[in-house]
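Residue strings, one per chain:
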Amino acid sequence: MRYAYYPGCSLGRSAWPYDASTRAVSEALGLELVEVDDWNCCGASEYFSLNKTAAYALVARNLALAARQDGLKQLLAPCSMCYLNLRKTDHYMGKYPKLGKTTNAALAAGGLNYTPGSLEVRHLLDAVVNDVGLEAIAAKVTQPLAGLRVACYYGCLMVRPEFNGSSFDDPEYPIQLDRLMQALGAEVVDFPLKAHCCGGHMTQISADTAFELIRRLLHNAAEYQADLIVTVCPMCQLNLDAYQPQVNRHFKTDYHIPVLYFTQMIGLALGMAPERLGVGGEFVSAAEALAKIGETFEVAPAGAPARRKRDEKALPMPGQKGEA
Amino acid sequence: MSERVGVYVCHCGSNIAGVVDVEDVSRWAGENLDDVVVSRDYKFMCSSLGQELIEDDIKKEGLTRVVVAACSPHLHERTFRRACASAGLNPYLFQMASIREQVSWTTQDKAAATAKSKAMIAGAVERVKLHQALEPNEVPVNPNTLVVGGGIAGIQAALELADAGYQVHLVEREPSIGGHMAQFDKTFPTLDCAACILTPKMSDVGNHPNINLLSYSEVEEVSGYVGNFRARVRKKARYVNEADCTGCGICIDKCPKKVVDEVFEAGLGYRKAIYRPFPQAVPKFPVIDRESCIYFERGTCKACEKFCPTNAIDFEQQDTALDLAVGNIILATGYDLFDSRKIPQYGYGRLANVYTSLEFERLCNASGPTEGKIVLRDGVTQPKSVAIIHCVGSRDKRHNTHCSAICCMGALKFGHLVMEKTGAEVYSFYIDMRPLHKGYEEFYDRLLEEGMHFIRGRVAEVTDAARQPGEEGKLIVQAEDTLLGMQRRVPVDMVILMAALQPRADAKDVGLQFGISCSMAGWFTERHPKLDPVATMTDGVFIAGTCQGPKDIPDTVSQGAAAAARVQGMIAVGSVEVEPVVATIHEERCSGCRICNNLCPFNAIDFLQDKAVSYVNAALCKGCGTCVAACPAGAISGAHFSNEQIFAEISGLLYDVVRGNGAKALLPVEVPA
Amino acid sequence: MPNPGSNGSFQHRVIEATPGGEVLITCLQCGTCGGSCPSGPDMDHTPRRLFAMIGAGMQDEVLRSNTPWYCVSCYYCMVRCPKEIPITDIMYTLKNMAVKAKLYDDSDAPDWSKSFIGYVESYGRSFELGLATRYHLTHKPLSKVGLGSFGLGMLSKDRLSLRPHRIKGIGQLRAILGKAKELEAVQ
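From first to last, the protein sequence lines stand for chains U, B and H. Each residue of the first sequence is one higher than the last, beginning at 127 in our numbering. Each residue of the second sequence is one higher than the last, beginning at 7 in our numbering. Each residue of the third sequence is one higher than the last, beginning at 1427 in our numbering.
Hints may be right or wrong, so weigh each one.
Listed below are the simulated DSS-like cross-link pairs for lysine-lysine, each with C-alpha atoms no more than 25 angstroms apart in a straight line [unchecked claim]:
| id | chain 1 | residue 1 | chain 2 | residue 2 |
| --- | --- | --- | --- | --- |
| 1 | B | K242 | B | K263 |
| 2 | B | K536 | U | K447 |
| 3 | H | K1607 | U | K221 |
| 4 | B | K263 | U | K266 |
| 5 | B | K348 | B | K242 |
| 6 | H | K1605 | U | K214 |
| 7 | U | K227 | H | K1607 |
| 8 | U | K439 | B | K242 |
| 9 | H | K1526 | U | K224 |
| 10 | B | K348 | H | K1607 |
With the C-beta cut set under 10 angstroms, the calculated list includes, among others, these residues of chain U facing chain B [as the list claims (entries may be wrong)]:
| id | residue |
| --- | --- |
| 11 | E338 |
| 12 | R342 |
| 13 | A440 |
| 14 | G445 |
| 15 | Q446 |
No lab work stands behind these hints: they were computed from the structure. Glycine residues also receive a C-beta, built at the ideal position from the N, C-alpha and C atoms.
Full structure from sequences and hints, please.
Encoded structure:
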């Protein structure tokens, strides 16, 4: 399977482990990623704040470049912000003809043009889960992540907003990453804030607001006794990982929850060397958590609902068919 | 002898006259159209004076045809036909040109509107000259009635008809009648116990000599037309012999298989594989749910059969089919509740102590799974704080755009019950408060006095992720308190979702079966939303209750009674006139290809096997013309829509191109009449 | 199409500048947006109240508000709004307008965006080290405790480039952006 690939600025440096693990794992899974030639920054949320027309044009240049690349119809982005910007620009150019015309008029100044709908923009996780398939991935697992309790953190922009009434996973309660981690053998803790916002660039605007958003996520993951948080976005990873020490200082808490990319987890389960996957590039070391792989549990950890005999008085939950 | 046509152009106040130059049009018609001997314009043709104009002219000027250019035939065709008839002219020698809905209401361009009006009148004049005098058919009305749905709407309708001395077949698909109302605990605003006011009516239905109660039954097929319907009803096998069963209930006691009761208990309680939905069920006979029964699954058990003192259990029982002949049908099929799992951020299905309104009714109800104790899902703990969320799935473009009419009142009712039974703090999260009917605003006052808290803000999410002390172990309801302009997090023990009322999942199929349509939202379509809410566009089929749209119990009962009254009116008259504007198949030209059979939207065409020709049932036919157009042999003619009449109308419409030759100018070949 | 307020009114201009914004006038003031917003408690006006203010023509107050700048673009409001109002996109419009009208008093947020964009326009890619250094040194540097160790941490994990990367087509990109700004100015 061949795809046009838009890595985004972060994967170049601040999220190099994501890039390294993506390349390693794509090879193993049979995804051929053809990097868009000479792509430019998607503008994150910054350009839209100042000049919308330029912002759409900035993104559209990438769409135009990818679209003329060698018959590739699908564009993959590993970063949720890039994914949203590319997808939104493509969608809006088609849905709002005036915007489409203006953007193409700007592109024309650079000798480019983009017909909305020419590309299908997808998040990397989407291609992994739906094109490769969970069964195929499970079949390739040589070192199941048994013993590891992972909290799957989706963040906002991969699942929201919906375009044409749909998005890749449920906008409130997504589960695709959970399923993938389960296929890799990990134990998934289903923590409720899985799709809540990490704050994005708020760390630069108002540390108080930003740190509180990060603290909530760490607290919730810790409450559910996750050994590790798995992410799909470099911004989320940066906020939860690189700022974890500052958050601890700010709130006088003591969280030590490593944050890894889902591609790193796949790589580990496929038996690849951690260094090759960029493990070690995180602020909060994942070594201790990863050492748990292979351990077995004797006692169910305290946060999980204890298995008890059916309580005569308890009322059935919605959707429950028979007796508990 | 040529015809004498009268043309009447209505001003309709300024509705038509404001755009169309009606004086010019009427003068033009008189001067230019062949055979028009009278041409007038008048302010309001539908008024008595307007009608008298027509009647007088028919008598004095010897008119043989009448054309009225005014509003839509839907509104006043009947009025003007009646006027003709009362002056001695066959009412079908009349034609209406709709120069309001089709002209003055569609444009501001006066010149274009005036020209189009002339064209339409010319068309009407040309075609009406070729109309045949028709006589309406009269069909007898069978005094029996079929009521589909045994909730409060169907019960009310059935009782009114039965009390008036007429036979009613009441079909209900659940094992007992009672509908949703039987699930409720109390009803607002009187706080009457629902069962206490409902069960007497249920009992009346069960005992009424004129009501044939067909419970655990469904209508499979309907055919016929107003006054003469045939319904095939499948009576599902209960596996209990009704003749022998005393309703003692020992079988239910002894049955070892328990399953979640998803219907009556709304998934909150259990029932056995052999069960009665609730203690006051009418009829009292239990039912074996084949899918849960151990005997049907594995061939063992049969405890019910062993212990039944009257040998009433019959595992070999089969479904039976009944054919009913009725004159009218009343659909009272009720509503479904919105599936709150579609709003995951409210936690329903994931967070144990989030309940829907129907589940909460069962919780409050003394014959419910907790014997009326309001407790958390552990079945034991009383809540100290409860949040009630309004508009769950209502007023929402993503789910249902309508307002469900009863949730605000339901929330007040729940608030009262919670405070009365547990003393807990109750918080209502609303967008608007809608206590609309008699006694409702006073009920709201009462709850304000009782100390219920009201927060104006549509809830953003319900979560168990605590953020600060005081929130651990609670459900936190997060919303903007819009009257304060700030986000609030209110920790509570229990959340009740006022879920939307929706059309039944199979409403479209049911509608199709009975020949009526549904609105875009899925509710059955009434004949007129303001002036005729219980009739449908299909004569003889009526609707009542929430299947027509969300409403409270008083309105439901009113509609049930209204539908029954309409049926009684038809039975009292004894016969009904059927429009003679129908299609006729000319046997001698029909080759029996049957193309028309499946095209008829009203299933009005039968095939006569012995003669190998198709035949139009004039009573069912609505004169739509589909078969006329489709017949490859030209063997079908439609009254008022013969080829000549249609070509004449076209040539009239094209008056400025075709002059003087009338219909003949456009007819390509001689078509036999 | 609903009538987006009288021509030239503030509300009308907000709607015109936001694709799909016509539905703003159908706002029920239900408060779902204000209730969902993760940074809502830190805003001076909730998103809902801001829309009421827009409807009332309170242009100055709206554009001075910190609300759009505290929007984290999580899109919760947008997927939950019962009228499907494109709230996040309206926030971007308000940011644009506030900067153009020079009405946003607290200079931090727009400046961050401007610095970011400055690098994108120079190199075609973002350059975090340059951005962070320039921005924080000019915006209350003494209050940025912890930034030093953060920066060193990033460097030690090799997560910070010391030099920016310039794309080959920077000229093409600049031409495109220049044209876009021209087109925006006439709107």
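Out of the numbered hints, which ones does the structure contradict? 2, 4, 5, 8, 10
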